[in-house]
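Just so you know, the protein sequences line up as chains A and B, in that order.
Take any residue in the first sequence, note its place counting from 1, add 14, and you have its number in my numbering.
Take any residue in the second sequence, note its place counting from 1, add 14, and you have its number in my numbering.
Please keep in mind that the hints were generated in silico from the structure rather than gathered at the bench.
One thing to keep in mind: the hints can contain errors.
Derived pair list, reagent style BS3-like, types lysine-lysine, alpha-carbon separation capped at 30 Å [as the list claims (entries may be wrong)]:
{"hint": "1", "chain 1": "B", "residue 1": "Lys101", "chain 2": "A", "residue 2": "Lys21"}
{"hint": "2", "chain 1": "B", "residue 1": "Lys141", "chain 2": "B", "residue 2": "Lys122"}
{"hint": "3", "chain 1": "B", "residue 1": "Lys81", "chain 2": "B", "residue 2": "Lys17"}
{"hint": "4", "chain 1": "B", "residue 1": "Lys135", "chain 2": "A", "residue 2": "Lys25"}
{"hint": "5", "chain 1": "B", "residue 1": "Lys143", "chain 2": "A", "residue 2": "Lys21"}
{"hint": "6", "chain 1": "A", "residue 1": "Lys90", "chain 2": "B", "residue 2": "Lys141"}
{"hint": "7", "chain 1": "B", "residue 1": "Lys121", "chain 2": "A", "residue 2": "Lys21"}
{"hint": "8", "chain 1": "B", "residue 1": "Lys101", "chain 2": "B", "residue 2": "Lys141"}
{"hint": "9", "chain 1": "B", "residue 1": "Lys77", "chain 2": "B", "residue 2": "Lys29"}
{"hint": "10", "chain 1": "B", "residue 1": "Lys222", "chain 2": "B", "residue 2": "Lys40"}
{"hint": "11", "chain 1": "B", "residue 1": "Lys141", "chain 2": "A", "residue 2": "Lys25"}
{"hint": "12", "chain 1": "A", "residue 1": "Lys21", "chain 2": "B", "residue 2": "Lys88"}
{"hint": "13", "chain 1": "A", "residue 1": "Lys25", "chain 2": "B", "residue 2": "Lys121"}
{"hint": "14", "chain 1": "A", "residue 1": "Lys90", "chain 2": "B", "residue 2": "Lys101"}
{"hint": "15", "chain 1": "B", "residue 1": "Lys119", "chain 2": "A", "residue 2": "Lys21"}
{"hint": "16", "chain 1": "B", "residue 1": "Lys149", "chain 2": "B", "residue 2": "Lys101"}
{"hint": "17", "chain 1": "B", "residue 1": "Lys101", "chain 2": "A", "residue 2": "Lys25"}
{"hint": "18", "chain 1": "B", "residue 1": "Lys143", "chain 2": "B", "residue 2": "Lys121"}
{"hint": "19", "chain 1": "B", "residue 1": "Lys182", "chain 2": "A", "residue 2": "Lys90"}
{"hint": "20", "chain 1": "B", "residue 1": "Lys88", "chain 2": "B", "residue 2": "Lys40"}
Just some of the chain A residues that point at chain B, by a computed CB distance under 7 Å [as the list claims (entries may be wrong)]:
{"hint": "21", "residue": "Met15"}
{"hint": "22", "residue": "Ala18"}
{"hint": "23", "residue": "Lys22"}
{"hint": "24", "residue": "Lys25"}
{"hint": "25", "residue": "Gly26"}
{"hint": "26", "residue": "Tyr29"}
{"hint": "27", "residue": "Asn91"}
{"hint": "28", "residue": "Ser92"}
{"hint": "29", "residue": "Thr93"}
{"hint": "30", "residue": "Glu95"}
{"hint": "31", "residue": "Ser99"}
{"hint": "32", "residue": "Phe100"}
{"hint": "33", "residue": "Val102"}
{"hint": "34", "residue": "Ser255"}
As the structure is a computational prediction, the values presented were derived from the model and not from experiment.
Idealized CB from N, CA, C, for every residue including glycine.
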Amino acid sequence: MWLALYKKELKGFFYGYSAYFILAIYWALSLLLAFFFGLYFVVDNPSMRSYFAFQPQVLVIVIPAITMRLWAEENKNSTLELLFSFPVSSVSLVSAKFAAAMTIVLLMFLLALPLTFSTIQIIEADTLNIVSSYCGTFLAALSLTALGCVVSIIIPQPVSAYLLSLLLGWGLVNLNLSLKFLTWLEYIPNTPFYLVEALSFSSRYQSFLNGQFTPDAVIYFICLTVELLFLNWIIVNFVRSRK
Amino acid sequence: MIKVQGLVKNYGQHKVLKNITFDAQKGELITLLGPNGAGKTTLMRVLSGNLSPDAGNVEIFGKTYDKQRLDILKHIGYMPENTPLYKEFTVFEYLYFVGQMFYLKRKKLQRAIAQAAYDLKLIPVLKQKISTLSKGYLQRTGIAAAVMHNPQLLILDEPTEGLDPNQKTILRRYLRKYAQNALVLISTHLLEEAEVLNSRMLILVDGKICQDTTVDQLRTLSRDGTLADAFYRLTMENINQEADNNVVSSL
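Required output: the full structure, derived from the provided sequences and hints.
Okay, structure coming up:
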């Protein structure tokens, strides 16, 4: 039953070619940023830093395009009422949709593998550091996908869901910058430094790029993902009974 | 099987259902009739668990949605208004998917699909994409999906909307047969529907059940022997009377 839901979601992605479009956009954006802004073949790149440094920004743009359809599209097509009339638990619905979205994200990462293999062939690469960077990117993607799922159930219009996910995702990835901006605007005049550091998405991601596979960073991303999925589950239950 | 007591549902300030009370048993075919905006779809949504009441109690199979939602849903077949379906599937794939949602095993599921497709004349389009189906086939696919797991309670919101006369006949025959062993609840604004099905009628006006009756009983209220006149007297005259009273009281 869970598998049937998961397959339905995947089928939805490939119907109308939206998945192919998303994969192409991800691939093009990643390479563009790595080659033109990250100067991939110009600077020394044993850990593919030029590529991975831009991944959070690319994921912030691409992942909302995956997640926007999960709930918002069902709402738009009025199939949400049908879906909620099946004797399926909200946990299954949330997890199947999340898993389908993550499958598309994994397909995106697979597209980058030829670049990784060719880099390893050409230069003396730091393989462990590359693996660590992949783990960091995967964990960051988990959190951003969970965030997109939450927005998709709250905002019933797919395009609005995309824009809000993009905005919130950008805010999350650039939390340091966002808090500095708010401080500058005097919304938060005395932001404690430790709070910014404790919530920082980018510093955790950075630790993976540095090859530091720290438990703190892993727990941060996993907790963020679980909390967002839990919130998603609460909202689905609320919408399901429309109390 | 269904016991509804003092059901109230509001959308903000607007009272959609006002103190609805009725019960229904297995073997009944009930037509929910009423003018547009009477609250038929809202009542269907409450009965199918898609909306929760603001007051009152809804018991289905002696259970409530608050405590045993999934247990109730296992035995309900529901087709919402306008037949929303997943367009990326073929008819067979869609029926297979819905069967899986109701925990049907492969062999039982294949038999159920074959039976539903045969009964509702869907065999020619089983391999066709849902996005390419005509309105009649869409409607029947939605109904086939609702009946496949052989639910004890079948709730269909305007199932004959947009069907041609032959398709309506096929569907009505099917519903009459199905209601012999289950409770079938359909909503419509067509009097003809209730007359042909010879069903029990719940007439909803402005969120209230103004008549719980049968075709023959309804006819006795008519001045010219037609159901249309009886329906007009029950619905329009009630509304006009109430509107007049409101105007007078506001003055």
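(request) May I ask which of the numbered hints given earlier this structure violates, with the numbers listed in increasing order? (result) Every hint satisfied by this model.
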